[in-house]
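Here's the letter readout for the chains.
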Amino acid sequence: KNEVEQSPQNLTAQEGEFITINCSYSVGISALHWLQQHPGGGIVSLFMLSSGKKKHGRLIATINIQEKHSSLHITASHPRDSAVYICAARGAYARQLTFGSGTQLTVLP
Amino acid sequence: EAGVAQSPRYKIIEKRQSVAFWCNPISGHATLYWYQQILGQGPKLLIQFQNNGVVDDSQLPKDRFSAERLKGVDSTLKIQPAKLEDSAVYLCASSSSSQGYEQYFGPGTRLTVT
Chain A
1 KNEVEQSPQN
11 LTAQEGEFIT
21 INCSYSVGIS
31 ALHWLQQHPG
41 GGIVSLFMLS
51 SGKKKHGRLI
61 ATINIQEKHS
71 SLHITASHPR
81 DSAVYICAAR
91 GAYARQLTFG
101 SGTQLTVLP
Chain B
110 EAGVAQSPRY
120 KIIEKRQSVA
130 FWCNPISGHA
140 TLYWYQQILG
150 QGPKLLIQFQ
160 NNGVVDDSQL
170 PKDRFSAERL
180 KGVDSTLKIQ
190 PAKLEDSAVY
200 LCASSSSSQG
210 YEQYFGPGTR
220 LTVT
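Keeping their order, the protein sequence lines are chains A and B. Going by our numbering, the first residue of the first sequence is number 1, and it counts up by one from there. Going by our numbering, the first residue of the second sequence is number 110, and it counts up by one from there.
With the rest of the complex left out, here is chain B:
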């Protein structure tokens, strides 16, 4: 079974630039999560999708962050414009009710904003 795929793995941008991350969840997983993990901290949930609908985006900084999952499969997370404090690892995870909602994580995208 293929795992959660993310790209790119690394990205370096200057502040005020834009960046987009892509996630392909495990096939059949209806729930998809985007997390932000700042160095030395645990992951923080940014947004949770159930199929193509948003379940929770209460911690997403909506003035600069956006996410979509148009067909209920792949998802993209965008930051526009980026700030220095956005430097972090962005993790995507997916889960399924048939597997007890255990979350499977992708390898993450390490973003550095200079």
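Excised from the complex, chain A in its bound form:
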């Protein structure tokens, strides 16, 4: 069974700061997802990656398969980035996701 851990649990930043959220998992995976959840519950997929690095706007996701670790970076953070960010690992042979407990990010103006 895969264990997915995120850090930090809570993060408060000033507008414009560079933000990093970390995710580690315990067993091999086929893909790692980064998700964003705003108040109200809906979840939006930000990235799905199995190697290397992906970039979308101010968001960057990286994964190190050997170290079983992924990071989500936000450059030039903005108050509208305030949300819960969740990483989820998809098993090597299954379509199911194992979720981390999420990082509550608050960006202050």
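No lab work stands behind these hints, which were simulated from the structure alone. Keep in mind that a hint or two might mislead.
When the alpha-carbon atoms are kept at most 30 Å apart in a straight line, the in silico DSSO-like pairs for lysine-lysine are as follows [what the hints assert, rightly or not]: (1) Lys124(B) / Lys1(A); (2) Lys171(B) / Lys124(B); (3) Lys68(A) / Lys171(B); (4) Lys153(B) / Lys1(A); (5) Lys192(B) / Lys1(A); (6) Lys54(A) / Lys153(B); (7) Lys1(A) / Lys120(B); (8) Lys153(B) / Lys53(A); (9) Lys171(B) / Lys187(B); (10) Lys153(B) / Lys55(A); (11) Lys187(B) / Lys120(B); (12) Lys192(B) / Lys124(B); (13) Lys1(A) / Lys54(A).
With chain A held as given, fit chain B onto it using these hints.
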């Protein structure tokens, strides 16, 4: 492309009452998931359907929870009777092999049991 639809968005019930949630996945998505997300935690898989068959319901509390996807499209999740600890957001997601099994989530239903 329309996303995953869920209703209702919010529901407040008293303990021991019954409640049902509805999900309409993205058209053509064969796999449908129901998750329970308790405040401060990540989502927990309750049940996974492939078309109208159950793939995994190992974490579904079957004494009170039931789910069906009779025609392989829409799905309903029912709780009967509800307990206080069932208060959570219930998320529906769907995926397709043609899209690499990336899961697309609905807006969720926030259930409060009083």
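A quick look at each hint next to the structure:
no.: 1; hint: Lys124(B) / Lys1(A); in the structure: 33 Å, violated
no.: 2; hint: Lys171(B) / Lys124(B); in the structure: 17 Å, holds
no.: 3; hint: Lys68(A) / Lys171(B); in the structure: 34 Å, violated
no.: 4; hint: Lys153(B) / Lys1(A); in the structure: 14 Å, holds
no.: 5; hint: Lys192(B) / Lys1(A); in the structure: 28 Å, holds
no.: 6; hint: Lys54(A) / Lys153(B); in the structure: 26 Å, holds
no.: 7; hint: Lys1(A) / Lys120(B); in the structure: 33 Å, violated
no.: 8; hint: Lys153(B) / Lys53(A); in the structure: 27 Å, holds
no.: 9; hint: Lys171(B) / Lys187(B); in the structure: 10 Å, holds
no.: 10; hint: Lys153(B) / Lys55(A); in the structure: 28 Å, holds
no.: 11; hint: Lys187(B) / Lys120(B); in the structure: 13 Å, holds
no.: 12; hint: Lys192(B) / Lys124(B); in the structure: 5 Å, holds
no.: 13; hint: Lys1(A) / Lys54(A); in the structure: 27 Å, holds
Of the numbered hints listed earlier, those contradicted by the structure are 1, 3, 7.
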